[in-house]
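Enquirer: For reference, the chains in residue letters:
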Amino acid sequence: MGLIKEKYEKTMQVEGEWNVGAYRWKAPAGYLDEFVRNFRDRKITGTLCKECGRVYVPPREICARCFTEITEKVEVSQYGEVLAFLVSPPLQKGKVIIAGIDAVEAGFLKEGERVILAMVRFEGTSSSMVLPLLNVEPGKVRVGMKVKAVWAEECKGVLADLLGVKPAYDVRFE
Amino acid sequence: MRRNVAIIGCGQAKHGRRTDVNQAELVAEAVWAAIEDAGISPEDVEAYAVGNMQGFGGIAQPDLVFADYIGAAGKPIQRVATGGTVGGSTAHLGYYEVASGMYDVVLAVSWEKHSDSAEPGATTGLLHVAFANLSYMMRIGMDMRSFAIMGLAGAAAGISAYQAAFYMARSGCRIDHFDMVAAKARRNAAKNRYAHLKWPGCTAEDIAKTEMLIWPMRFGHVCPASDGASCVIYASEDAVKKLAVERPVAWVKGVAAYADEEADQGESYQGTAVIDYSDQTGAILSAKKAYERAGIKDPRKEIDVAEIYAPFPHQELMFSERLGFFDDGTAWKAVEEGITEIDGDFPICPSGGVNATNAIGSSGMQRVVEAALQIMGKAEEHQVPKDVRNAVAHAWGGQVQFNTIMVLGDKPKR
Ligand SMILES: [Zn+2]
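Protein chains in written order, with the working numbering: chain A, 146 to 319; chain B, 665 to 1078.
Next up, chain A with everything else stripped away, as it sits in the complex (with noise of 0.2 Å):
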């Protein structure tokens, strides 16, 4: 024991970057891309799994329950409810930092923003979506209040024309 320990005052570090372009990961094709472009028409679309009912959103070409293959697709509600939510504390510069960026520096987010994250289930459907709550106060926001999806004013087919939800005022559930 304690061979090479004398040695050292603390553990050796060596500068460097990593090329992560170096992987090459399969990706699940299609069912995905036919999600995100429906994006384009504003409609939030899943699977439905007919062995046991459940709707997938985002889809899946399996059931992880039943273990089936997945052949329904399903047009589903903008309408949603939320499950469970995170605040973040007023963004500061130099705060977050993602993948080296400083992302309220290069304007990503905006400084003394309060971002608040839902896990959304949108009506209909046996699953949740992590989305940004938008237009509301920290302060008011509860765990199974009524929501409605936002769009892009312009949608393209892709994951950031869902921008998130914002309390939907104007349904009544019952």
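Errors might be hidden in some of the hints.
If you want the ones that stay clear, here's a sample from chain A, every Cβ over 12 Å from chain B, calculated [claimed, not checked]: (1) Asp186; (2) Arg187; (3) Lys188; (4) Lys195; (5) Glu220; (6) Ser222; (7) Ser233; (8) Gly252; (9) Gly257; (10) Asn280; (11) Lys291; (12) Lys293; (13) Lys311; (14) Pro312; (15) Tyr314.
Quick list of in silico lysine to aspartate or glutamate cross-link-like pairs, EDC-like style, CA-CA up to 20 Å [unchecked claim]: (16) A:Lys195 / B:Glu925; (17) B:Lys739 / B:Asp727; (18) A:Lys171 / B:Glu926.
Hints were generated in silico from the structure; no laboratory data involved. Nothing here was measured: the structure is a model prediction, and the numbers come from that model. Just so it is clear, CB atoms sit at the ideal spot from N, CA and C, and this is done for glycine as well.
Given chain A, work out where chain B with the ligand should sit, using these hints.
Expert: Coordinates of chain B with the ligand only, in the frame set by chain A:
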């Protein structure tokens, strides 16, 4: 037919920021402590089970550099890399090897050395974990703002923050209950010479003063990134008779490991039917099966102490319910009543747990070590002041969907 297996020796490295040793020396510290504790010589060890999460400490094949440090050169060895469950899975592997009759004496060790990575876990390890998903989401048109927002909630802590929010909604507990659990972890850790974040006399009010990172999680709720290693030595019943004369041992009575669906939208943005991260079906199934194998019918009565893998305080509450110690949504009441304190009726994480010490690979194994020490009566200052006949060690990993459970006892299962 599986054989009875005992843990005859335990060892831990001092956990914390260990820039005084390299990975091989860190692992050796725990291994030699266990060999000494078991009172055996390295020649008695027939095979090795080793565990480490690749990338978190910057080495992809760590078993290559330390085999000779721990006496494994020229002996059978297997490595496990299952994320947070590394330690739990490695402990299971060592047990299987003896229970199956393959070997009579097996050493299981697992570790993590986060300080070898510039940003503990984040730049190296988590890129391995998350990059495939993120790059896929970029391909289907995620913008930089969404990317930044995802980063805000950040990986394991992010999933755990959602889980904490789910648990609050489900159980009706408040953030001050998380403060109480975190304060208990720091206080207990102060009594454990191997622990990292020690804070004698820490109160819930002390934790409540720390910065809110992302609601509902405060800085004081978050586990540290530690360096450390934990080790156990297993022996078959015959070998126990031969090797462990007069020494206290801890018998493995039941193990189980189950997976549930991945939470948080699943792999590569696929949907998942997990709509409540605090459900934890995998933990429920693991506990049920492990108790069945151990012959335990009422865990609350028959188990005397539990080491739960809880890097974040709500997880101690949530898992203590899923493991059958308290009814769903009621664990926070037990905390209010002091039931889970070291000297309480049902002590949980008397070692200070993962919330005070988290060297990821080591953490799961450390739960096994701590449970064994409680049974052997060798937990020193954090020994619970009651007879310990059965103890439970739990670990979770992946996207909080893998769970391992080991039930230990003072007597072999008949
Ligand atoms: Zn199904």
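Enquirer: Next, verify each hint and record whether it holds.
Expert: Structure-based check of all given hints:
Against chain B, the non-interface label of aspartate 186 of chain A holds: every CB pair exceeds 12 Å, the least being about 15 Å. No Cβ of chain B comes within 12 Å of the Cβ of arginine 187 of chain A; the nearest lies about 15 Å off, and the non-interface call holds. Against the 12 Å criterion, lysine 188 of chain A stays outside the reach of chain B, whose nearest CB is about 15 Å from its own CB. Consistency note on lysine 195 of chain A: stated as away from chain B, and its beta-carbon is indeed over 12 Å from all of that chain's, at 15 Å minimum.
Chain B leaves glutamate 220 of chain A outside its interface by the beta-carbon criterion, the shortest separation being 15 Å against a cut-off of 12 Å. Residue placement check: serine 222 of chain A keeps its beta carbon more than 12 Å from all beta carbons of chain B (closest about 15 Å). For serine 233 of chain A, the condition that its CB be more than 12 Å from all CB atoms of chain B is violated, with the nearest at approximately 5 Å. Its beta-carbon lying about 9 Å from the closest one in chain B, glycine 252 of chain A breaks the requirement of being farther than 12 Å from that chain.
Residue-level check passed: glycine 257 of chain A sits 14 Å from the nearest beta carbon of chain B, beyond 12 Å. At roughly 16 Å, the least C-beta separation between asparagine 280 of chain A and chain B is larger than 12 Å, which holds for a residue marked as non-interface. Non-interface call for lysine 291 of chain A relative to chain B: holds, since the shortest CB-CB distance, roughly 15 Å, exceeds 12 Å. Even its closest Cβ contact with chain B, about 19 Å, leaves lysine 293 of chain A beyond 12 Å, as expected for a residue assigned away from the interface.
For lysine 311 of chain A, the non-interface assignment is confirmed: its Cβ lies about 15 Å from the closest Cβ of chain B, beyond the 12 Å cut-off. No beta-carbon of chain B comes within 12 Å of the beta-carbon of proline 312 of chain A; the shortest separation is about 17 Å. The non-interface label for tyrosine 314 of chain A is consistent with chain B: the shortest C-beta to C-beta separation is roughly 21 Å, beyond 12 Å. Annotation: proposed proximity of lysine 195 of chain A to glutamate 925 of chain B holds, straight-line Cα distance about 19 Å (limit 20 Å).
For the proposed pair lysine 739 of chain B and aspartate 727 of chain B, the alpha carbon gap of about 12 Å is at most 20 Å, so the pair holds. For a cut-off of 20 Å, the pair hint linking lysine 171 of chain A to glutamate 926 of chain B stands: about 19 Å separates their Cα positions.
Hint check: violations occur at hints 7 and 8; the rest are consistent with the structure.
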